[in-house]
Structures are given as structure tokens and as C-alpha cells.
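Each chain, written out:
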Amino acid sequence: MKMKLSLSQKAGLLSLGLFAVILLVWQLATLPEARVVAADVDPEYAALMGGGAASSASSFPTPAAMAQTLWDKLSDPFYDNGPNDKGIGIQLAYSLARVLGGFFLAAVVAIPLGFAIGNSRVFYQAINPYVQLLKPISPLAWMPLALYTIKDASASAIFVIFICSLWPMLINTAHGVANVRRDWLDVSRTLEVNPLRKAFRVILPAAAPTILTGMRISMGIAWLVIVAAEMLVGGTGIGYFVWNEWNNLSLTNVLFAILMIGVVGMALDSVFGLLGKRVAYQE
Amino acid sequence: MTTPVTHPFLQVEDLARIYPSPTGGDAVAVFDHVNFRIHKGEFICVTGHSGCGKSTILNILAGLDTASAGNVFMDGREVSGPSLDRGVIFQSHALMPWLSVLENVAFAVKSRWPSWSKQKIRDHAMRYIELVGLKGAEHKKPSQLSGGMKQRVGIARAFSIEPKMLLMDEPFGALDALTRGVIQDELLKICAETQQTVFMITHDVDEAILLSDKIMLMSNGPHARIAEIVNNTLPRPRERSAIHKQPHYYPIRNHLVDFLVSRSKQFGALRDAPDAPSSPTVFDPSDLVESEPAVAPVPPVGKPHIHLVNA
Ligand SMILES: Nc1ncnc2c1ncn2[C@@H]1O[C@H](COP(=O)(O)OP(=O)(O)OP(=O)(O)O)[C@@H](O)[C@H]1O
Ligand SMILES: [Mg+2]
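Same order as they appear, the protein sequences are chains A and B.
The number in our numbering is simply the position in the first sequence, starting from 1, with 644 added.
The number in our numbering is simply the position in the second sequence, starting from 1, with 115 added.
Only chain A is shown next, with the shape it has when bound in the complex (with noise of 0.2 Å):
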């Protein structure tokens, strides 16, 4: 008897399977006589994590002691015992704080300008050249200049975030406003349609999935830039207590972030997903 299964049934096995084979992988390299192997490290290395590679303390988990350590960290997310002990839910909320604060300025600037660039070509050769050139530039390298002027480490994340999402925004703001169809332009025109009403009515929707294309590209860049930013800044922060946990060389904990700093990437970008469905329109 042959079984029929849909393609996401197949697809899920297979996702199963694919798990399977990474933790059975995970099991075999970390298990006990694989230490002795790595206990065997080059000499100098050895010393210069001053013997802590060779000791078990530092060790990749294994599987079972990773699953220990989600239950633990889960079970109690929102602890807080100082600066260097917070549950990974207050790490978390400091740094989608942060995102989301950079995030909403950058979209309060992009979005107006971005509908005036699209709107007016003599904007957009004036602006144009700027952006050409600010864009390019890694948004840590403003770090510096931040804290310089800024004075205040997280209102300098918070920057950084701001620049890095600015110019996905703009641009595709700009380029959905200028790209809406002639047709609906030249309707509004012949019902004689008030220019914000123009605006909000025709243009806004007209280019909205472009906009919320341009929202998804900036906040996935904005998850993947605060984990650095927070590593320089220190103080809170997922990324702060990634380089915390490093320098405590517990590698259970490290991998535990970066799990979790996927599963909030993943969610994040899922919700412009469902926004981005909203908004999108069937020609």
C-alpha cells in the first residue's frame, strides 16, 4: 500500500529528520571520549585561553545539557539579580526596546521622506546623492560618532538602530511611491481628489507592500545590528549577554542566546509577513 502525504507533511518529516540527524551529530561530537580528542588542542591556543580549553568547564554541551539549560532559563525568563545575572526575557525586552525604538524614528523620518522623494523627481536628485552615499556604510561605524555626541550608551544603540533602518525604508517607500500606476493617479486627477486624501487613499495603499517590504528588510537588519551594537555598549542586551557569557565561558549559555536571538528574529519578521499579507492587493 503506497501512502499518500500532502507536501507539508513530507516536508515536516523530512524538518524532523533533519533535527534528528543534527542531534544525534551534536550527541556524537560531544561525547566523552570526543573530549579526549579535543582535550589533545594545539599548545598554544591551550595557553592562550589560559588551559580553559582543554577543561571540561567551558566544553561544548551536549544535547541533554542544553535541553536542561532552555527548561531552566524558560522556566524563570524574567529574574533579575543585578547587572551581570537578568533572566534572558529582560535581556531580551531591553534589546527589542531598543530595536523598536530605533525602528519606529527611523520609520516617523523614512516614510514622509520617502513619499516625497517618490512624489517629486527635482527631491529625488537632491536627495539621491546622499543617500548613494550614506547608505554603504556599516551602521557600527557611526558608534563612535553617537557616543561622542549622544553621551548615553543606549540612546546610542538606539541610534545605530535609527541608521541602519532608515535607508531600506526610504528607498523602497520612495520607489513604491513612484511606481504607483498612472491610472489610479490620473483617476484621483479626474475626480479632482484633494492631495492628502490623494495621499492617504490612493498612493499610501497603492504602495504600501513595497513600504512593508522595506519595514521587513529594516527590521531584519535592525535584529542582526543590536546584538553588536549591544556588544559594544555593553550594560544590557541580548548581545551584551552573549560577550557577558563568552567571557564567563559558559558555551551552554552562548548557544542558548543565539537560539533565542533566532527564534525573536524569526518572530519579528513573521509579524511584517502578516502585516505585509494585509496590506497587499491582487492586480
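FYI, nobody ran anything at the bench for these hints, they're computed from the structure.
Bear in mind the structure is a predicted one, so any value in this text is a computation, not a measurement.
Ideal placement from N, C-alpha and C gives every residue a C-beta, glycine not left out.
You may find that some hints are simply not true.
[To be verified] Sample of chain B residues at the chain A side, in silico, Cβ under 8 Å:
1) Y134
2) T138
3) A177
4) L179
5) P197
6) R201
7) F205
8) S207
9) A209
10) M211
11) F222
12) A223
13) S226
[Said to hold, decoys possible] BS3-like, lysine-lysine: derived pairs with alpha carbons at most 30 Å apart:
14) K256/B x K842/A
15) K235/B x K250/B
16) K842/A x K255/B
17) K304/B x K235/B
18) K279/B x K233/B
19) K233/B x K842/A
20) K279/B x K842/A
21) K235/B x K842/A
22) K921/A x K654/A
For this one, chain A is given, so just place chain B with the ligands on it according to the hints.
Relative to the frame of chain A, chain B with the ligands by itself:
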């Protein structure tokens, strides 16, 4: 049906549109010395070969494009931009895909009467949606409609603002013959009810004969003109199935086809003459003799002289 001899509803004087030559040479006039008048309640069809400038003229009438020379007057006032007085039915229907049928029509109604209440706008929009036979589909999005249904929404939207004049650019060009027939019948009915003034571009000779009071024939570009105006003397109400039994049907049809096949090109030789006619000749089948393509002796620059003779 008599036409008042007083100032016409729409008057087009010496209209021209010049595009710069793509090769950098002399600019070419797509059309020039275009003159015609439309009276209130008339249904005008325009036909001519592709590229002669029909859409350009329509866009100028709509106020979406500007002429290089000449003037358009409607109701005694110069047309200088788009206006709610002129409803446009676009060839590509131009519905907003993020709005439902009702919302598309209501958007136009609200633009026309901003102070109306939501309920009043809705009721008004629904009246026109019913008029085009789309009741029950008002909550669908344009992507869920067939081509013919979309075009009908476009018609409902244009009629709903109760414009003084309706401009249509090949509105049924993309439809299959059957759907086209159904919508033509609907349009005929609505126009009879509302006494709408219509300017419509079509490539379909039979469509022009079924719908129009007058058919304007454009010669080929560059320097295209309105070469002839044909008075469509077929009596109303017209029935698609019986129209070919009318005595004037074949004379009109043959005249149109003949123009499109041969005379539209010959007109080019005439236009370069210094006294080239800037007003078109008029063909009226009730004379049952073709008026010679001679220069109309009456006004030198300007207005075609048209008599409507009841058949
Ligand atoms: N932006 C432009 N630049 C140069 N020439 C143009 C431009 N737009 C239109 N034209 C020319 O103007 C002429 C008239 O165009 P128009 O669209 O009015 O023709 P039409 O009579 O509507 O043709 P069709 O029946 O194919 O729709 C064409 O020959 C075209 O080449
Ligand atoms: Mg055209």
C-alpha cells in the same frame, strides 16, 4: 431630435499636439487643426487608425494632457485640467485593487459630494452598481471579477459622479464579443435614460454604428485631422439584432469601412495644400449621395458645419 444652434456644449478649436522628435530632428505634430463640436446629449464615436492621436485628444479633453496649440471649451469655459464634470472610463478600467467594487464607486461619489453622509454615499453608489447589473458582487475585489465585470464597475464609477460628459477610450477593446455586446446594450440603455453626452473612441465600426449619433473619422498621422463626420441617422431605440435591416445601415457601414481602408491615407495628400480643409466634410446617409470630399466653403478656420436630418 433637434440640435440647438446656439453655442455647443463642447467646442474644440484648432487643437494640435506636437511631440519632440526622438531623433532630435524637427518636432512632429501628431495631429493639428482639429476642430469639432459636441452638443448636449450627443453620443460621439471617434475612429481612425492606430497612432493617429485619438487617445491624445481624449486625454486633452479629460484635462489629463495638454495641447500644444488650440483650445477646448466646455459649457463656455476653457478646459485647463481634470474635472469632475468629465467622467473618464479608462481602457484598462483603472479600478483600485485594494478596494471592493462598492468602495471603488463610493470613492468617486465621495470625491464628488464630500459632505454626504456615509449612508447616502453608499446608497448612491449602490444605485449605479445595480444599474450595471453588479448587485451581489459589490463586496468583491476587482481581482475576483471577470474583465467585463471590471469594465462595468468602471462604467458605474464614471456614471455615479453624474458628469456633464463621459469620455471613453476603447472601453470594450479587451472584451470578448459576447460580453462586449451585453455591455453595449447596457450602455445604450443607461445613456437613453440619462441623456448623457459621450465621447468614445472605438476601433469597432459596428459598435460605433450601434451607439453613436455621429462618428468622427480621423485621417492617419502625422498631421492627422478629423477628416469626416458621419451623421448616424439610424433611428433609436436601436436593437442589435434588427439594426442591419435599417435602410441607412449599409450606406453608413460601407462609408466607414471605405474610409478606414482607403480614404484615411489619401487625406494626407490633401492636408499639405495651402487651403487644406481645417473642418471636416460631413457625410449624411439621408442624402444618400456621398457629399464630395470638397472643401467646405463656409468658415475658413473652424467649426464643422453639421446638419442633423431626421431619417
Ligand atoms: N510621449 C510621447 N512622445 C512621443 N510621441 C508620442 C508620445 N505619446 C504618444 N506619442 C505619439 O502620438 C501618437 C498618437 O498616440 P495615441 O495614443 O493618441 O494614438 P491612438 O490614436 O490612441 O492609437 P491607438 O488606436 O493605437 O490607441 C502616436 O503616433 C505616438 O507615437
Ligand atoms: Mg489609444
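| Against chain A, is R201/B within 8 Å by beta-carbon distance? | Holds - the Cβ of R201/B comes within 8 Å of chain A, reaching about 7 Å at its closest.
| field | Distance restraint between K279/B and K233/B, which requires alpha-carbon spacing of 30 Å or less | value | holds (24 Å)
| request: May I ask you to test the interface hint for S226/B with respect to chain A, counting a Cβ-Cβ separation under 8 Å as satisfied? | output: At 4 Å from the nearest chain A Cβ, S226/B passes the 8 Å test, so the hint holds.
| query | Given Y134/B as an interface hint, is the shortest Cβ-Cβ distance to chain A below 8 Å? | reply | violated (18 Å)
| said: Does the closest beta carbon of chain A sit nearer than 8 Å to the beta carbon of A223/B? | reply: This hint holds: A223/B lies near chain A, its Cβ roughly 5 Å from the closest one there, short of 8 Å.
| task | Verify the interface restraint on F205/B: the C-beta must sit less than 8 Å from at least one C-beta of chain A. | result | holds (6 Å)
| said: For K842/A and K255/B, compute the direct alpha-carbon distance and say whether it is at most 30 Å. | reply: The given pair, whose Cα atoms are some 23 Å apart, holds under the 30 Å limit.
| query | Do the alpha carbons of K304/B and K235/B lie within 30 Å of each other, as the hint requires? | reply | Holds, at about 25 Å.
| request: Take a quick look at whether K233/B and K842/A sit within 30 Å of each other, Cα to Cα. | output: holds (19 Å)
| query | Are A209/B and chain A close enough, Cβ to Cβ, to be under 8 Å, as the hint says? | reply | Cβ of A209/B sits 4 Å from chain A, so the hint holds.
| If you draw a straight line from the CA of K279/B to the CA of K842/A, is it 30 Å or shorter? | It holds: about 23 Å lies between the C-alpha atoms, which stays within 30 Å.
| task | Double-check A177/B for me: the hint is only fine if its C-beta lies closer than 8 Å to a C-beta in chain A. | result | Because about 6 Å separates A177/B from the closest Cβ in chain A, which is inside the 8 Å limit, the hint holds.
Taken one by one, the earlier hints fail for this structure at numbers 1, 2, listed in ascending order.
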